[in-house]
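Chains as they are written, first to last, in the working numbering: chain G, 1 to 101; chain X, 1 to 187; chain C, 1 to 623; chain U, 1 to 503.
No lab work stands behind these hints, which were simulated from the structure alone. Where a beta carbon is used, it is the ideal one built from N, C-alpha and C, also for glycine. One or more hints might be untrue.
Residues from chain X shown here face chain G by an in silico Cβ test under 8 angstroms; the list is partial [to be verified]: (1) 42; (2) 48; (3) 50; (4) 88; (5) 91; (6) 119; (7) 124; (8) 128; (9) 132.
Per label pair, the in silico range of CB-to-CB distance [as the list claims (entries may be wrong)]: (10) X:141 x C:616: 29 to 35 angstroms; (11) C:557 x U:193: 51 to 57 angstroms; (12) C:616 x X:89: 52 to 58 angstroms; (13) X:65 x C:595: 39 to 45 angstroms; (14) C:613 x G:98: 25 to 31 angstroms; (15) C:620 x U:215: 38 to 44 angstroms; (16) C:39 x U:470: 39 to 45 angstroms.
Partial pick of chain C residues on the chain X-facing surface, computed with a CB cut under 8 angstroms [said to hold, decoys possible]: (17) 417; (18) 603; (19) 607; (20) 610; (21) 611; (22) 617.
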Amino acid sequence: MELYHVELLSAALFAIGIYGVLARRNSVLILISIELMLNAVNINAVAYSAFLDPGRLVGQVITIFVITVAAAEVGLAMAIILRLYRTMSTANADEADSMKW
Amino acid sequence: MDASAVAFSFLAVMVIGGALGVVVTRNVAHAALFLLLSLASVGGVFILLVAEFLALVQILIYGGAITIVLLFALMLTRAEEFTNVRDNPQWAVAAVAALSIFGVLGGVILNNKLDTQELAGPSLEELGTELFTNWVIPFEIASLVLLVALIGAIILARAADGDDGQPSDAQDPSSLTDTDGTPGGRS
Amino acid sequence: MMEWAWLIPAMPAIAFFFLATAGRCLPNWSAIAATGTMAVAFIVFWFVLADWFSMSALPEVKAFGFSFDWIKAGGSTFTWGMVIDPISLVMVGLVTAAALGIQIYTWSYMSHEPRFTWFFAVHSLFAAAMLALVLADNLLLLYIAWELVGICSYLLIGFFYDRRPAAEAAKKAFITTRIGDVGLLIGILLLFAKTGTFELSAIFTMVENGGISETVITAAAVLLFLGAIGKSAQFPLHVWLPDAMEGPTPVSALVHSATMVVAGVYLVARMFPFYEHSESAALMVTLIGAFTAVGAAAIALVVTDIKRILAYSTLTDLGFMLFALGAGGLTAGMFHLLIHGFSKAILFLGAGSISHGSGQTDIRQMGGLWRKMPITAVIFGIGALSLGGVPPFGGFFSKDEVITAVFDGRGWGFMAIALLIGFMKALYMGRVFFAVFLGKLKPENEHAHESSMVMLAPMLVFALLALFGGFLALSYTDGYQGFGYFVFEGTHQHPFHLNKGIAIGSIALAVSGFILAWMAYVQGSLKTEPIIKRFSGVHRVLINKYYVDEVYQWVIDKVVLVFGRFIAFFDRAFINDIGINGTGSIVTTTGRFMRYVQSGKLYTYAMGMIVGFLGLALAWWVS
Amino acid sequence: MNGLESVLLFSLVVTPFLGAAVLAFFPADNHKLIHWYTRIIAASGLAIAAYLFITFDTGDSLNKYIVDFDWLPSLGIRFTLGLSGITVPLVLLNAIIFFGGVLISWNVDHRPKDFFVWLMLLVAGVYGVFASRDLFFLFFFYELAVVPMYLLVGVWGSSTDFGTFLRTKEYGAMKVMLVLVAGSVLVWIAILAMWVEAREITGIADFGMAGLSQVEFSEGFQKTYYPFLMIGFGILAGLWPFHTWSPDGHVAAPTAVSMLHAGVLMKLGAFGILAVGMVLLPDGARFWAPLLIGLGTVNVIYGAISAMGQKDLKYIIGYSSVSHMGYVLMGLGALDTLAVDGAVLQMFSHGIMTALFFAMVGVIYQRTHIRDITILAGLGKKMGITGVFLAVAGLTSLGLPGFSSFVAEIMIFIGTYRTYPVVGVLAVVGAAITAVYILRMLGAVFFGPIDENKWKDLTDANKTETGVAALLTGFLLLWGLYPFRIVEIIDSGVVPIMERLGS
């Protein structure tokens, strides 16, 4: 297991996340895809910390913060989706387009 | 091929497979479960990267909290279309774009192989000390962020005055028949 | 006293400002203020004249002036100053006398008019502008006064502004003269560009010693004459003068006798050195003068409105003066101007008196009026005989001077034209006088009455001047050796001389003109109807004033205004709607298409981000 | 800041600002208080401007009464105010028209507080442009003068249906705003270019006009960037073919705004060409002068002929403004001291004259609600005072001696004739065409018989309106009869510029 293996795994996970964000209509699924992308970043951070950082600490600390923020984000996002569903009776991101033009 | 390589290969397949499951399945609940699979495997990768604490946190927070929140929210909205979601029309372009991104990133990674040291990780004690000394202020701020997000989520999700938690009539009257009262909407 | 000469134009100007601002509050004072100031100006004129004669022992002192700086800019200084020389003295005398007399006449004539004050205010300004015009020592001040004269004529002709014809006539007068003024102003600018000064004396010095090229002299002379054509109503800018009858009669009297129309003649006289140095310009003046005189005299023979006859007679006489000036007869031209001024004042005031007393303006409705208005008849007769050129009235002397000058300057051919004009003058003057006052009194004119003494007194004074004015031409003392020694240009002192042949011929023609008129309109042995029938085509052309007005009207309606509307439309439809709005539309249309980028769909924005990132990566890779 | 005059100049620029700020806290429904307050502000401005004008010393230095503060030293931006012989009359003009405009707005009862706040900001901007000696602040004030126009026209304006086409106040406001901002973009490009170029040459970052005028810009640079200033400022001065915002703006604008718009705002453009373009880029000015004078001539003739084809009073006067601004541009383009003197005096004179025009047209429109001269007739019977003052403005417009326009025009004629004789001739012809449309308008509106039934209750101008008209007429007459002093002042400002231009 070399560093670039982990990096490639992270890149693949990130690309899949991007595909999810771009291709999905349902906002819950978009949110989940974003989680995938965040995890790709987390893998990278930890891997760099493990392979490169002499103190082996910063990457893990960063990851902890990312996870924290991700948790907050999911909570808020789900609340927004609930709200969106109630006012527009849809959870599809492309149908909530009343602010265009 | 040593044990860690085998384990990594297995975990990588699980991560990628779970992720692909997330983005191709038509059922939102299934997607959440695939996510759980993928994230748990990421936790396994963390163990291989000598980050046991993180692996634990990963499985607890992602596997436990976040996936549960997602599933709860799905249950609260109970839209029937959630079992059969359609992708948007640009999914093919999206696939190309995602592959391109992977290509770009992969190219960069393979062309810039870094000189690595021996794989190692901090002890849990070191991490704790570090977090509560050098990083204490960001740590506290992060907790504040969580608190604010929590309050915000509650305020957003609770029904406003006169709002019965139903989708409003003005937007789509037909949707009224699809959803019944959602007690979770009222706090 | 000469240093007080500025009072002459200043007094009526003060009257104008007083009446225009405070006149509303003191309506009863308006006539007194206007006439009083004019009287002061008139008195000052006499002192200045006396001063002039006391100075004339020094023949080289031609002019006395004073000036003050008006504008100083860009290294140039423009002054306002006055020149007092014989030409301006003659003009000042004529203008002050005529304006004073006409204002007194107006007391009675306009007494029922509610805008009495305004009339006197503008009348004063009119006189002031004319006085400033004739006293100006530089072309800039002359132009200023010239324009003021024009605007006063506009205000006075349009005095009855609520009558559409009066308003139209006023507009016509101003715009027509303004067209001539374009030429005048360009001429002045040309002279300034070439000489660097507006001062008349400096310009004349340069003309004399060859400081200006011949071409420039000719060009300037022609351009200045354009101004004179406009103001003095010469062909082709004569159309405004007959219409100017729409104004009140005292205005017509002032316009025709002493102000406005003579300004053009005065300008040519004042700029006389130019015409002396440019034969072609002088010839142009002669030809236009002669052409206008003959053409207008022919119209005067056929029109029937009394004021119109007088208007066309004015055109004739103005042409006659320019005829003389173009032939080199400065003295003759100025002398005719003076005598004509007095005579024409009588005729117009008389015509006003007639229409005031009888309510008629068409000579076919009149006849035998001398029984009802004997004093008017006598006075009007003096004016008619004077302008008709019968000795010993003033008009005879001046006409004879003109014909002699034409003969001296242009030879036999032009003299014959001058004699013809003299004959026609006698004919139409006889026609108007006999048709109005002699013959049978029509029943509808039974109520006609003589005018008041306030109106008759100034007429009487003018009548005396017209009657004896001719004797000004003769030499009496060393101090005054006749008009020709008084008004002359350069060294060409021009004593009055009677060319016996010409004099006999002109007397014969004048008398025969009156006799013909008498036969036609009193005795009846000469029938006019057959002549009209015989030459019906000519008559129609004359009655319609050679259709010049119609042609102008057509040009204005069909060319000028249509072009204006076209440009207005072009501006709106092309410059604005296509040029300006088009630019706006391009932007909004682009925006209308560009806004689809803003689809409102989250995934397109995300795609934009990714594509952007890929683009950056590509760019980085390529570079 | 030193000396009484500097303090006065500073307060002149600042007073309308503070006045607007204070007015914003007034009770909105106390109309009387708002009107009187604004009148006092305007009158104090007039008093200061008159004092500065009367005591102006035409002696040595070009810019007087300097007020100078550091603002952003690293970019070379200073808040610098000063007056020259050119700007003193224009500042006075602004004060007069502001005062007149406030008085003539006695009948504004739709949100008068907001109206006057914006009006004061506009006026503050104009004062600032005239007084600024620093390009950054000049541009700032320039924009400040333009922006309130949008609201003033859009909210308090009027829409007119001309049968074949429609001009709404929204259209007018949008057009005025967009066209003027487009012009200011060009100006800003040129200002930045000069700043950058000057820093390249001297190594000093400086927006100050005094400093920039010492910089020797290369000839190529000047020729490239002078057109930006000429067109950019020219748009505001109604330069053909960018003039249509002006008549359309007038048609939509309320009376006081029309007065300021034609009276002062259009002068900003001509002032900019002279005080910025010709001062800072003399080689460019010389090179492009034929174009400027050519477009100016087109303005004169084209504007006059367009005015002849119009039926709406405001359009007639709007196009006459285009025509008269053509004289100003022509005078500037002649690069002849006399002509430039005349151009500046024409700015002053035309400002007063159009203000009078629009004030009187406002009086007519307020009473009859008609501006079509083919419908109006014989109003002189009922509206004598209005008629007299409209005639005064008209006669000034056609260059009648005795009014200040004549003095200005004759100087322009002389100057252009001796540099470009053909242009001089066309200018004189333009003045004759002016006579045609002015007399046509006066004749159609005031002369002829009146329809007694239709206009039974027609009233003449009231005391306030008469007072405004008399004030403006007084200035027209004052400098028409005795122009010596104002020409002397203007000349003292123009001569140094012309010496620098080398003509």
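Results for each hint:
no. : hint                              : result
1   : 42                                : holds (5 angstroms)
2   : 48                                : holds (7 angstroms)
3   : 50                                : holds (6 angstroms)
4   : 88                                : holds (5 angstroms)
5   : 91                                : holds (4 angstroms)
6   : 119                               : holds (5 angstroms)
7   : 124                               : violated (10 angstroms)
8   : 128                               : violated (11 angstroms)
9   : 132                               : violated (11 angstroms)
10  : X:141 x C:616: 29 to 35 angstroms : holds (32 angstroms)
11  : C:557 x U:193: 51 to 57 angstroms : holds (52 angstroms)
12  : C:616 x X:89: 52 to 58 angstroms  : violated (26 angstroms)
13  : X:65 x C:595: 39 to 45 angstroms  : holds (41 angstroms)
14  : C:613 x G:98: 25 to 31 angstroms  : holds (28 angstroms)
15  : C:620 x U:215: 38 to 44 angstroms : holds (41 angstroms)
16  : C:39 x U:470: 39 to 45 angstroms  : violated (31 angstroms)
17  : 417                               : violated (98 angstroms)
18  : 603                               : holds (5 angstroms)
19  : 607                               : holds (6 angstroms)
20  : 610                               : holds (5 angstroms)
21  : 611                               : holds (7 angstroms)
22  : 617                               : holds (5 angstroms)
Hint violations for this structure: numbers 7, 8, 9, 12, 16, 17, all remaining hints satisfied.
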